[in-house]
Amino acid sequence: MTSSSPTLNSYRALPDPEGHFGNFGGRFVAETLMPLILELEQAYKDAKSDPAFKKEMDYYLRHYVGRANPLYFAERLTEELGGAKIYFKREDLNHTGAHKINNCIGQILLAKRMGKTRIIAETGAGQHGVATATVCARFGLPCTVYMGSKDIERQSPNVFRMRLLGAEVKPVVSGSCSLKDAMNEALRDWVTNVEDTFYIIGTAAGPHPYPELVRDFQSVIGNEAKEQILEAEGRLPDQVLAAVGGGSNAIGLFHPFLDDKDVEVVGVEAAGHGIHTGKHAASLSAGKPGVLHGNRTYLLMDDDGQIKEADSISAGLDYPGIGPEHSWLKDIGRARYEPIGDKEALEAFKLCSELEGIIPALECSHAIAQVMKEAPKMGKDKIILMCLSGRGDKDIFTVAEALGVEL
Amino acid sequence: MSDAIIGGQDRIAKRFAKLKEEGRAGLVTFITAGDPDPEASFEILKALPEAGADIIELGMPFTDPMADGPAIQEASNRALAAGMHMRKTLSLVRGFRDQDHETPIILMGYYNPIYIYGVAEFLEDARNAGVDGLIVVDLPPEEDAELCVPTVEKGLSFIRLTTPTSDDKRLPKLVQNTSGFVYYVSVAGVTGAGSASNDQIIEAMARLRRHTDLPIAVGFGIKTAEQAADVAKQADAAVVGSAIVSKIAESLDENGKATDKTASMVTGLVRELANGVRNARK
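From first to last, the protein sequence lines stand for chains P and Y. Mapping the first sequence onto UniProt numbering, position 349 (from 1) lands on 349, and the numbers just tick up by one. Mapping the second sequence onto UniProt numbering, position 9 (from 1) lands on 9, and the numbers just tick up by one.
Rather than coming from a laboratory, the hints here were simulated on the basis of the structure. A portion of the hints provided could be inaccurate.
Said to hold, decoys possible - In silico DSSO-like pairs for lysine-lysine, Cα to Cα no more than 27 Å straight-line:
1) Y:Lys169 - P:Lys112
2) P:Lys308 - Y:Lys169
3) Y:Lys169 - P:Lys116
As the list claims (entries may be wrong) - Here are the simulated distance ranges between beta carbons:
4) Y:Lys169 - P:Ala137: 35 to 43 Å
5) P:Leu38 - Y:Glu203: 18 to 26 Å
6) Y:Ala145 - P:Ala13: 15 to 23 Å
7) Y:Pro150 - P:Asp260: 47 to 55 Å
Keep in mind that this is a model prediction, so the values were computed, not measured. Just so it is clear, CB atoms sit at the ideal spot from N, CA and C, and this is done for glycine as well.
Isolated chain P, as found in the complex:
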């Protein structure tokens, strides 16, 4: 095992050529998939150095996704909390209502370059499924989305949206019937349809090169935010903060700031009913390193290495693992990860809706809840930049139920 290198002069130089972030990452996949993964790695290398690819990407991000989205000063929330100034990076204003589309545009352009004719994806909250179905409609490729049957139940609006967009939504009834099982099923599809199929993974996890390429496609969040905060405040924020499930919006925000040593990096995990109850999704706070879904990373599991079911009110955070780069950032101490439970997230959901007129997704409500803890401890001259990763319309039924309201 190699250890994470303390001699790195940049936190942005990984993964290494084998896809490792220190001890984490790698390519733990069935042999049938290896040639595909190597082909993808090469295709991504070529695309990265091709100005035409960047131009195409920029075009769709601007004209189709609607970027750049605003960096918004959450004035009333700032006043309410009485501490640091709070800025929201408004990924909720993207086409399809979340950050997920940034990555989907990148991956479908790659799929087209590689001549693939069929797209598959997994989804938890349904945001990545909707974003994938959207780009598949736009680029005219057939799309199959795997979704846990439990998630289909709690995210029915997104299921309908995917179907409207022409995607086939396949319910997954194995295991915990949520995101990890959807990912298993997508991998099973991929291993069966190796010739024509491109797997659009929705988060910065999975076998190399996925964690790298998803991070790169999502880094548009941090790159824009950096420019915008410099314009608004003339300086960098004191803290960047985002919710982590698999961790793609978080790594997208964090990565451009990692070498800015004075910027504190905070990720927020879903603590579900509370870490002490065992019913949570906080793999960094309460898990240990293991191997699942193609990479080594922090996972929730028992002493025998069996994967545990995650639990969170937010379907998008309901995953027993985390992207490998987050595991590395935690271990080397460059980022700190804090748990937020269902109840705190619901409070934040309400507060943000009432004070800012923004209904946030339950995923980033966890981030808001952590901001509610951080901001009052910081002086009024400090700045927190938080990723508001998605809109909460999809969650109103879940929230109504949690609040005991009948719709």
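Starting from the known structure of chain P, arrange chain Y on it as the hints suggest.
Leaving out everything else, chain Y in the frame of chain P:
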């Protein structure tokens, strides 16, 4: 001489040498350790050689068997629900070895339970239990340093899966640290799905033979004695998994518990498959 000293690669090599002598292919049977419960699983395991299994693959149960179809997923779930875990899997092998010194046992599964057990400790315990080799689905040669190299150093075989996507460029890398035999997965897909045509298998065997002198076992999608016989005409061994664990599922009562038919239904199928394999080249 203790079994630990007889050691992994030897038992496999001896078995293939014997098959060659007999002028026939072997039958490799897969069951999941602890399916449907540890006791019934042990009964099935013990009965396999007599029913005609030449080599036994024993699945290490895992919650997330990403490369397996529904039959083996369910077998894994049954075993875990019955309280199976890695130490019990190894004691199952130990119990088997007490009475069978010749039939090779290959543990097959996913890396995480081994990683969590601790690679060095696992290899030590597996060897002492009488395990001969490992097939770990999610460890391609790119990750050989993790487990493959330590396994071979310990004197056990690390059996690699080769697939329809393994071309002439990829194969040298695949056979490099492989020992015991090479497992050819005849269709791209999960276990228990469709099967390959004879022509496809003939072509694949020719490709593989250009890269290795090791025996070649062919599996995936073999459900009947006829299919097993077809494969046995080309390959050194035929592997059957999903069909066998489906038979276990079929034998259970309405509460999913083993019945007095469980072991006999499995051995009945294994006998048929063995007949197919043994008569294939006659």
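Results of checking the hints against the structure:
1. A threshold of 27 Å between alpha carbons decides the hint, and for Lys169 of chain Y with Lys112 of chain P the separation of about 25 Å falls inside it, so the pair holds.
2. A distance of roughly 39 Å separates the Cα atoms of Lys308 of chain P and Lys169 of chain Y; the hinted pair therefore is violated under the 27 Å criterion.
3. In summary, the hint linking Lys169 of chain Y to Lys116 of chain P is supported, as the alpha carbons are separated by about 22 Å, within the 27 Å threshold.
4. Range check, Lys169 of chain Y to Ala137 of chain P: about 37 Å between beta-carbon atoms, so the 35 to 43 Å window is met.
5. Our hint of 18 to 26 Å for Leu38 of chain P and Glu203 of chain Y holds, since their Cβ atoms are close to 23 Å apart.
6. Distance hint for Ala145 of chain Y and Ala13 of chain P: a CB-CB separation of about 22 Å, consistent with the stated range 15 to 23 Å.
7. Between Pro150 of chain Y and Asp260 of chain P, the C-beta spacing of about 41 Å breaks the proposed range 47 to 55 Å.
Going through the hint list in order, the structure does not satisfy hints 2 and 7.
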